[in-house]
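There are 2 protein chains.
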Amino acid sequence: MQAMMMNQPLSIIEILRYAAGAHPGAGIVSARTEGDIHRETYAEAYARAGQLAHAMARLGVKLGDRVATLAWNGYRHFELYYAISGMGAVCHTINPRLSAEQMLYIIDHADDQVLFFDVTFTPILEALKDKLPSGMKLVAMTDAAHMPDSTLDLLCYEDLIADESADFDWPELPEDTAAGLCYTSGTTGNPKGALFSHRSTVLHAFSISIALSKSLTEGGRILPVVPLFHVNAWGLPYSAPMTGASLVMPGPNLDGPSLFDLMDAEKVTSAWGVPTVWLGLRAEIDKRGRNPEGFSQVVVGGSAAPRSMIEGFEKSGVEVCHAWGMTEMSPVGTQGLLSESMKDLPFEAQMDLKSKQGRRVFGVELKIVDDNGNRLPHDGKAVGELFVRGNTIVSGYFNNPEATAAAIDAEGWFGTGDVASIDEQGFLTIQDRSKDLIKSGGEWISSIDLENIAMAHPKVANCAVIAIAHPKWDERPLLVVVPAGDEKPELSEIHDMMLQHVAKWQLPDDMVFVDSLPLTATGKISKLTLRQQFTDYVLPDVR
Amino acid sequence: MQAMMMNQPLSIIEILRYAAGAHPGAGIVSARTEGDIHRETYAEAYARAGQLAHAMARLGVKLGDRVATLAWNGYRHFELYYAISGMGAVCHTINPRLSAEQMLYIIDHADDQVLFFDVTFTPILEALKDKLPSGMKLVAMTDAAHMPDSTLDLLCYEDLIADESADFDWPELPEDTAAGLCYTSGTTGNPKGALFSHRSTVLHAFSISIALSKSLTEGGRILPVVPLFHVNAWGLPYSAPMTGASLVMPGPNLDGPSLFDLMDAEKVTSAWGVPTVWLGLRAEIDKRGRNPEGFSQVVVGGSAAPRSMIEGFEKSGVEVCHAWGMTEMSPVGTQGLLSESMKDLPFEAQMDLKSKQGRRVFGVELKIVDDNGNRLPHDGKAVGELFVRGNTIVSGYFNNPEATAAAIDAEGWFGTGDVASIDEQGFLTIQDRSKDLIKSGGEWISSIDLENIAMAHPKVANCAVIAIAHPKWDERPLLVVVPAGDEKPELSEIHDMMLQHVAKWQLPDDMVFVDSLPLTATGKISKLTLRQQFTDYVLPDVR
Ligand SMILES: Nc1ncnc2c1ncn2[C@@H]1O[C@H](COP(=O)(O)O)[C@@H](O)[C@H]1O
Numbered sequence: 000m001q002a003m004m005m006n007q008p009l010s011i012i013e014i015l016r017y018a019a020g021a022h023p024g025a026g027i028v029s030a031r032t033e034g035d036i037h038r039e040t041y042a043e044a045y046a047r048a049g050q051l052a053h054a055m056a057r058l059g060v061k062l063g064d065r066v067a068t069l070a071w072n073g074y075r076h077f078e079l080y081y082a083i084s085g086m087g088a089v090c091h092t093i094n095p096r097l098s099a100e101q102m103l104y105i106i107d108h109a110d111d112q113v114l115f116f117d118v119t120f121t122p123i124l125e126a127l128k129d130k131l132p133s134g135m136k137l138v139a140m141t142d143a144a145h146m147p148d149s150t151l152d153l154l155c156y157e158d159l160i161a162d163e164s165a166d167f168d169w170p171e172l173p174e175d176t177a178a179g180l181c182y183t184s185g186t187t188g189n190p191k192g193a194l195f196s197h198r199s200t201v202l203h204a205f206s207i208s209i210a211l212s213k214s215l216t217e218g219g220r221i222l223p224v225v226p227l228f229h230v231n232a233w234g235l236p237y238s239a240p241m242t243g244a245s246l247v248m249p250g251p252n253l254d255g256p257s258l259f260d261l262m263d264a265e266k267v268t269s270a271w272g273v274p275t276v277w278l279g280l281r282a283e284i285d286k287r288g289r290n291p292e293g294f295s296q297v298v299v300g301g302s303a304a305p306r307s308m309i310e311g312f313e314k315s316g317v318e319v320c321h322a323w324g325m326t327e328m329s330p331v332g333t334q335g336l337l338s339e340s341m342k343d344l345p346f347e348a349q350m351d352l353k354s355k356q357g358r359r360v361f362g363v364e365l366k367i368v369d370d371n372g373n374r375l376p377h378d379g380k381a382v383g384e385l386f387v388r389g390n391t392i393v394s395g396y397f398n399n400p401e402a403t404a405a406a407i408d409a410e411g412w413f414g415t416g417d418v419a420s421i422d423e424q425g426f427l428t429i430q431d432r433s434k435d436l437i438k439s440g441g442e443w444i445s446s447i448d449l450e451n452i453a454m455a456h457p458k459v460a461n462c463a464v465i466a467i468a469h470p471k472w473d474e475r476p477l478l479v480v481v482p483a484g485d486e487k488p489e490l491s492e493i494h495d496m497m498l499q500h501v502a503k504w505q506l507p508d509d510m511v512f513v514d515s516l517p518l519t520a521t522g523k524i525s526k527l528t529l530r531q532q533f534t535d536y537v538l539p540d541v542r
Numbered sequence: 000m001q002a003m004m005m006n007q008p009l010s011i012i013e014i015l016r017y018a019a020g021a022h023p024g025a026g027i028v029s030a031r032t033e034g035d036i037h038r039e040t041y042a043e044a045y046a047r048a049g050q051l052a053h054a055m056a057r058l059g060v061k062l063g064d065r066v067a068t069l070a071w072n073g074y075r076h077f078e079l080y081y082a083i084s085g086m087g088a089v090c091h092t093i094n095p096r097l098s099a100e101q102m103l104y105i106i107d108h109a110d111d112q113v114l115f116f117d118v119t120f121t122p123i124l125e126a127l128k129d130k131l132p133s134g135m136k137l138v139a140m141t142d143a144a145h146m147p148d149s150t151l152d153l154l155c156y157e158d159l160i161a162d163e164s165a166d167f168d169w170p171e172l173p174e175d176t177a178a179g180l181c182y183t184s185g186t187t188g189n190p191k192g193a194l195f196s197h198r199s200t201v202l203h204a205f206s207i208s209i210a211l212s213k214s215l216t217e218g219g220r221i222l223p224v225v226p227l228f229h230v231n232a233w234g235l236p237y238s239a240p241m242t243g244a245s246l247v248m249p250g251p252n253l254d255g256p257s258l259f260d261l262m263d264a265e266k267v268t269s270a271w272g273v274p275t276v277w278l279g280l281r282a283e284i285d286k287r288g289r290n291p292e293g294f295s296q297v298v299v300g301g302s303a304a305p306r307s308m309i310e311g312f313e314k315s316g317v318e319v320c321h322a323w324g325m326t327e328m329s330p331v332g333t334q335g336l337l338s339e340s341m342k343d344l345p346f347e348a349q350m351d352l353k354s355k356q357g358r359r360v361f362g363v364e365l366k367i368v369d370d371n372g373n374r375l376p377h378d379g380k381a382v383g384e385l386f387v388r389g390n391t392i393v394s395g396y397f398n399n400p401e402a403t404a405a406a407i408d409a410e411g412w413f414g415t416g417d418v419a420s421i422d423e424q425g426f427l428t429i430q431d432r433s434k435d436l437i438k439s440g441g442e443w444i445s446s447i448d449l450e451n452i453a454m455a456h457p458k459v460a461n462c463a464v465i466a467i468a469h470p471k472w473d474e475r476p477l478l479v480v481v482p483a484g485d486e487k488p489e490l491s492e493i494h495d496m497m498l499q500h501v502a503k504w505q506l507p508d509d510m511v512f513v514d515s516l517p518l519t520a521t522g523k524i525s526k527l528t529l530r531q532q533f534t535d536y537v538l539p540d541v542r
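Protein chains in written order, with numbering that gives the first Met the number 0: chain B, 0 to 542; chain C, 0 to 542.
Extracted from the complex, chain B is given alone in its bound form (with noise of 0.2 Å):
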């Protein structure tokens, strides 16, 4: 029987609408590319959105157009955000860290009608120049004052706004209108888009509020060090304004000391990013012996937090929140915050169970699965490929029907590439990794990608790329190379043919030679059998 119920579609405006309304005193504080800090509320972001999706139209953005952003965190960014998706468009965050044959692959891709980007990224454009698609708009997020001096027919963001309405007529659509798109890195090949809707986006920041009230609550003042260039710096530009916590955006200087002397300045109370990044906070709280104000909870995620990290938040009262997620799920999947009842474990078992990657949120569910399919216990001990589904998880690829049946399972989950095990109480530990990638500093390097540009090299036998174990940037790829003959080739020629294709960040760090690779049964090399054989290997950097 169908109920009698009015039905609003979920929609991504209202979230900020409501909090113009609801939430008068918070807002977003901005370290700008300017270099000052920038500070707006709610109300006026919303006040702003409108002017943008005016000047939007007036370029020519129409429903279901994507519009490309290449920026930091900062209110310009955020602005966007709701502009583009408020009018019907489709907001594509590039993030600048690909390399440029990826960048044109998307920009392609996607079909982009306009770029919105920080002025700090114009040498990336103008070394692209040629190469963006002729009738595609670039806009500088800045004002007259700071445009960039540039060979690149570039728009002002200010300019472009400040004659328009604040009042926009927000279209109705309905929720499973497309509103995001941010790309993924393959295990080969070319990114893949994941297509965010109206109705995913609210029911995912619905999710995360409840799950981190603590943090998402009036009053709250979040640093999202996670970029909105990526994983839309996990559903923080949509739970913060719904909850009324504010925003402290970093803009570009994401070190320990600016951080540290940002968060103390404007008494952040929650910040959130990968751990990579809180390496460097730690090593600024111990340098000044103390927290910045504040300071109370810290969500890491996008690579495993090392236990000592956990420990040394934890020991100084900064609870930590230890989640895992990907792209493709909104992005979070688990948080790994203790139940009521788990705070009176020993500090020992609390710190075993915060190592582990978290419990589902509401709305989320997980599978883990053998080799053919079939379900394993959640017994804290079998371990298998996890598989994902919820509402805010993709059903496929943008425009990419191959990669879509690949990562779609018969029952219609998401499979995530992690090998996993789940325990009694719900809590995941990510084991290892089936997808052939590596992640540094919570961004991808395809291993596959890099072996096949090796493999070209006329002194490489074979090869393959795994990842090493490192201190700062969690994982860092190694070479390993079967010599074609007697010569052995230099690793600064790979990486010379290699930086034709990917970013400098993305080179391997190191190479090593071997007589041969060891293979599995099906004769495939054996990825893992050659992670335990480097184990201990230390990488050049760090030795």
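Simulated from the structure, these hints should not be mistaken for lab results.
Quick reminder that beta carbons are idealized off the backbone N, C-alpha and C, glycines included.
Worth double-checking, as some hints may not be accurate.
To be verified - Once the Cα atoms are required to be at most 27 Å apart in a straight line, the calculated DSSO-like pairs of lysine-lysine come out as:
1) C:Lys-128 - B:Lys-213
2) B:Lys-266 - C:Lys-128
3) B:Lys-213 - C:Lys-438
4) B:Lys-487 - B:Lys-380
5) C:Lys-314 - C:Lys-342
6) C:Lys-342 - C:Lys-438
7) C:Lys-213 - B:Lys-314
8) C:Lys-380 - C:Lys-487
9) C:Lys-213 - B:Lys-213
10) B:Lys-266 - C:Lys-61
11) B:Lys-342 - C:Lys-266
12) B:Lys-213 - C:Lys-342
13) C:Lys-213 - B:Lys-342
Claimed, not checked - Ranges between beta-carbon positions, derived for each pair:
14) B:Gly-288 - C:Val-382: 56 to 64 Å
15) B:Gln-1 - C:Glu-401: 18 to 26 Å
16) C:Arg-306 - B:Gly-288: 48 to 56 Å
We have chain B; now place chain C with the ligand onto it with these hints.
Just chain C with the ligand, lined up with the frame of chain B:
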């Protein structure tokens, strides 16, 4: 453009399934009709809901069937909420305060197949015995040892579920499937049914969880005095397990001393209910000279909270949230917590704000309109009829096209029957009521029904029933009569006539005589003028 995200229908049973895993220590404490304190975790409640669903299937309950409850706040009632909706049937909560006539009307109108009742209510059913639908099954919510002596043909809750499996294969239902049914008083005639969906229920749980995250959080212990038999206990049966708060269910004893003892023993952090019950609690707090241990937040709604009550709680360190809503809104529409920025105001100014009815929760939109349906400004001055819109609001009434047509305006908004102003900050102030109803202790009395009965008395020429302010019940009915001749009717005679149709507590407290009734321009009785005329009237029991 359509996004590429999974679409899982929002589902009520998923809340309890989630709580069972995510919040192992949380659950339900019940002061039950058996006289003792009963405890169960959400995991246990989920298992028992599974058993209950099997038992109901055995009794013949099918998709879309209505299953009624007549019960206090307790764990079995909670289990019924989930088992009934989870199996795709509709949980029809019956208000035990209805008159026999009204109760029979709604049982018949809803076409209830099974009725679950607390043994306290056995006499009500005995009295209705011959008039109940012949096929309807009656289940006493207790165990074999506590079955009531009765001539009714009764089933026993615990016996019914004892041998069933806890594993129930909950069907996947479209999210607009009906899940709950709650009748509310009309201005005239029979009660009208609000028919909630899985979608509306889950979205409502999200909205109030983020609005009241201080209460609704892991470790929270919430006392719902607001009944599960009316307005869904303000959504607490859903939002508490979703967020990991425990529920402390008071059962039948709602007097000040009983509530104080229960709250004190169970360390209740937050208590929710109508002003009338808090009067009793406040008296007990004053008597003992202290708050119940751990008590830090009270949510008051259902009638206007008196300012003295708000101040009393706030001065003793208990935060007051004055909320407004209605059955047709799931029910919460606004909540009165102050934003951080308002907490710097002087105490008096804060109390001014808290005496208002609060600001909209996420997902609910408010408008006030003049007599022609034109929108009025939100300036704190303009007063008009209040209309609402959102996913948690009814689009009409169950099987009642006439009432539906009267309730929804041309723009598709629902008319609340409340007359209100909204200030620049979004605070709602309920000024008056356009619907002809009196609210006593959180429950409705229809003036028009009482008038129609009184008019049948030969000594009554004309009459009107109006609300008189009452310190305990908020409002009580006063009967204003124009006698037909020199001989005046006795109140007791009129009471006797009324008792055929309404419940005892709905009878007018007093009767006064006038020569004529004031009329409006269009010749109708002007209740407004009459209320002003009797604004200082003191009812007998408070003289
Ligand atoms: N807390 C974590 N521990 C271990 N791996 C993680 C964690 N969070 C994310 N990951 C990895 O990062 C992937 C998602 O990457 P991305 O889509 O870039 O966010 C996951 O599939 C995991 O392999």
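For this session: Kindly indicate which numbered hints from before are broken by the structure, ordering the numbers from low to high.
Result: 1, 2, 3, 4, 6, 8 and 10
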